[in-house]
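Novice: All chains should be built: construct the whole structure from the sequences, respecting the hints.
What follows is the residue order along each chain.
2 protein chains.
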Amino acid sequence: MNRSAILDMLRSRTGQFVSGEELGRQLNISRTAVSKQIQKLRQSGYDIESTVSQGHRLRRLPDLLRPEEVCPRLTTRILGGELHYFTEIGSTNDEAKKCAVAGCPEGTLIITEAQQGGRGRLSRGWFSPMGKGIWMSAVLRPPFPPQEAPKCTLLAAVALNRAIREVTGIPCGIKWPNDILCNGRKLVGILTEMSAEMDAINHIVIGMGINVNIAAEEIPPELREIATSIQIEKGAPVSRLDLLVRILECLEELYLAVRTGGFDAVLSAWRQESITLGRLVNVIAPDKSYQGTALDIDGDGALLVETAQGLERVLAGDVSIRPA
Amino acid sequence: MNRSAILDMLRSRTGQFVSGEELGRQLNISRTAVSKQIQKLRQSGYDIESTVSQGHRLRRLPDLLRPEEVCPRLTTRILGGELHYFTEIGSTNDEAKKCAVAGCPEGTLIITEAQQGGRGRLSRGWFSPMGKGIWMSAVLRPPFPPQEAPKCTLLAAVALNRAIREVTGIPCGIKWPNDILCNGRKLVGILTEMSAEMDAINHIVIGMGINVNIAAEEIPPELREIATSIQIEKGAPVSRLDLLVRILECLEELYLAVRTGGFDAVLSAWRQESITLGRLVNVIAPDKSYQGTALDIDGDGALLVETAQGLERVLAGDVSIRPA
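As given, the protein sequences belong to chains A and B, one line each in that order. When we follow this note's numbering, the leftmost residue of the first sequence carries the number 300, and every step to the right adds one. When we follow this note's numbering, the leftmost residue of the second sequence carries the number 300, and every step to the right adds one.
These are calculated hints, taken from the structure and not from any lab test. Worth double-checking, as some hints may not be accurate.
Cβ pair distances, simulated, as ranges [said to hold, decoys possible]:
1) A:R423 x B:R570: 37 to 45 Å
2) B:P404 x A:I328: 53 to 61 Å
3) A:T559 x B:P622: 33 to 41 Å
4) B:R570 x A:E387: 53 to 61 Å
5) B:D595 x A:A564: 49 to 57 Å
6) A:A564 x B:L579: 32 to 40 Å
7) B:A332 x A:T386: 54 to 62 Å
8) B:P442 x A:T386: 48 to 56 Å
9) B:Q590 x A:L555: 30 to 38 Å
10) A:P622 x B:T559: 51 to 59 Å
11) A:Q571 x B:I525: 26 to 34 Å
12) A:T386 x B:D595: 49 to 57 Å
Heads up, the beta-carbon is just placed ideally off N, CA and C, and yes, glycines get one too.
Specialist: Given below as structure tokens:
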């Protein structure tokens with residue numbers, strides 16, 4: 300396609316001008332046609348400067364999550380085999396569920412620059428501003444029964460935490476069951492949803508919301524006490540693209556391991572990277588509330604909490620860590 | 300509506316002629332309008348005889364599962380609060396899932412006279428001929444986590460087995476996990492599907508296929524060894540309507556009990572009505588096949604099988620009972 304060919308040429312000489320005449324000659328199209336494609340690239344978020352005398356130049360490599368940027372860098376075999384990209388969408392999980400029902404292949408990704416109706420657990424909202432985070436869902440079709448679905452949530456938490464630490468160096472950790480926190484504030488939310496028969500999973504959708512380059516003042520006031528971003532914690536923005544690529548690599552590595560029986564390694568990584576274990580926690584379960592010490596998680600992903608009345612096994616509910 | 304008013308008048312004098320003139324006068328419509336509605340009723344499956352001299356008569360009370368027949372007889376509070384009736388449909392489970400995603404109330408029923416694409420477990424087909432069975436799905440929104448979803452399958456099996464025994468007197472029993480058999484052949488299949496987050500069920504669809512008035516020669520040759528019907532086992536047809544009403548009563552009673560914590564009663568009823576427990580079984584699990592003795596089910600709905608190598612816990616797979 301002309302547009303991606305133009306982009307490739309500009310990218311290969313990032314920062315330098317390329318004349319419209321040269322671009323047109325290479326592609327065998329008119330200068331007017333070149334200008335039209337440049338205009339479309341600019342609308343897609345590419346920072347391209349155009350002058351009558353010198354032509355066009357890509358000022359800097361863009362930090363967009365477009366397939367043209369993402370796919371050439373992927374080394375994964377399953378994840379991203381199909382990638383649906385949106386500038387804006389309601390919820391990537393809802394879109395992924397639609398794709399899954401329609402029969403999309405395992406590993407299909409839904410990536411968007413912004414969500415209008417981003418969702419967290421239990422229909423809570425998820426702030427997803429344009430171009431500032433990684434708002435993404437992955438469709439998996441694991442061969443295990445629905446009782447083992449929590450494995451996918453735990454492995455996603457381990458993969459995301461590992462990738463973020465490697466790429467950014469910030470001291471993040473996993474809060475049971477599926478949040479990643481940094482300095483006590485939420486950096487990442489994971490929403491896993493499944494469609495299943497009683498003994499077979501039809502599909503699992505793992506939704507990931509990662510606050511990347513959100514400045515402190517961009518976080519809505521009501522979320523400032525509980526939410527943070529990589530940019531805030533690191534003190535500088537990071538490449539969303541670098542982070543996305545590493546996340547997908549970690550996610551696929553762990554998923555392939557779990558599919559072939561290697562869940563113990565994920566479980567022990569989860570324990571090491573957990574910030575919940577060993578802490579005093581408040582538990583709000585569907586039927587009661589209590590306090591205790593988080594001791595461990597079991598193979599089903601349940602949190603084991605020691606209370607004055609005995610050991611509680613938490614599968615559902617909200618667990619908050621009490622300040623030390 | 301004129302049509303149901305006409306039906307009510309004919310039904311109140313089943314077997315007797317009512318003149319078109321009288322019907323028209325009562326409803327203040329023309330005899331031609333009456334004839335049109337009679338024609339539509341006949342197309343819906345009502346057995347109405349019409350003569351020029353005597354008028355119209357309902358030959359016999361119909362055994363249709365239309366809302367006009369079902370709803371007046373329901374005593375349930377949740378099940379059937381909303382009822383979608385189809386003469387023919389692809390799959391009641393697929394329709395129920397669509398309704399559930401669109402937000403239908405708990406207890407919504409999908410009932411059809413025939414399915415073109417009836418489904419059993421693991422995408423296997425389900426023979427669902429016109430007017431010969433109960434092909435139905437119910438939408439539930441239980442307040443427990445997805446790990447406890449198998450409760451719904453077990454309670455449905457108990458409810459159906461109980462209702463069929465009460466209404467028909469035939470000696471049926473439950474085969475793990477979700478079939479009802481009579482004399483070694485399948486009478487009922489149950490397909491439970493769910494949509495869930497990791498710690499909360501969005502909805503559960505219980506699909507039920509009950510072979511009621513299918514004659515032996517109507518069963519496709521390839522199914523004759525494994526399938527049967529109530530009519531075959533009892534030696535006479537039964538009222539689908541009577542059976543449906545009793546099924547819904549049993550289902551709701553057990554569901555309300557389970558919702559408020561009374562699962563032990565369902566479990567012990569399941570054990571009593573099981574034809575699997577105590578028998579030698581062949582197990583084809585996703586990862587291996589083996590033989591053993593079915594000892595019990597546990598609270599998660601798993602079948603416990605004693606093998607030469609030790610105790611196996613079967614959550615997924617096919618279990619066949621070996622002839623005694």
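Novice: Please list, smallest to largest, the hint numbers that this structure does not respect.
Specialist: Hints 5, 8, 10 and 11 are the ones this structure does not satisfy, whereas the remaining hints hold.
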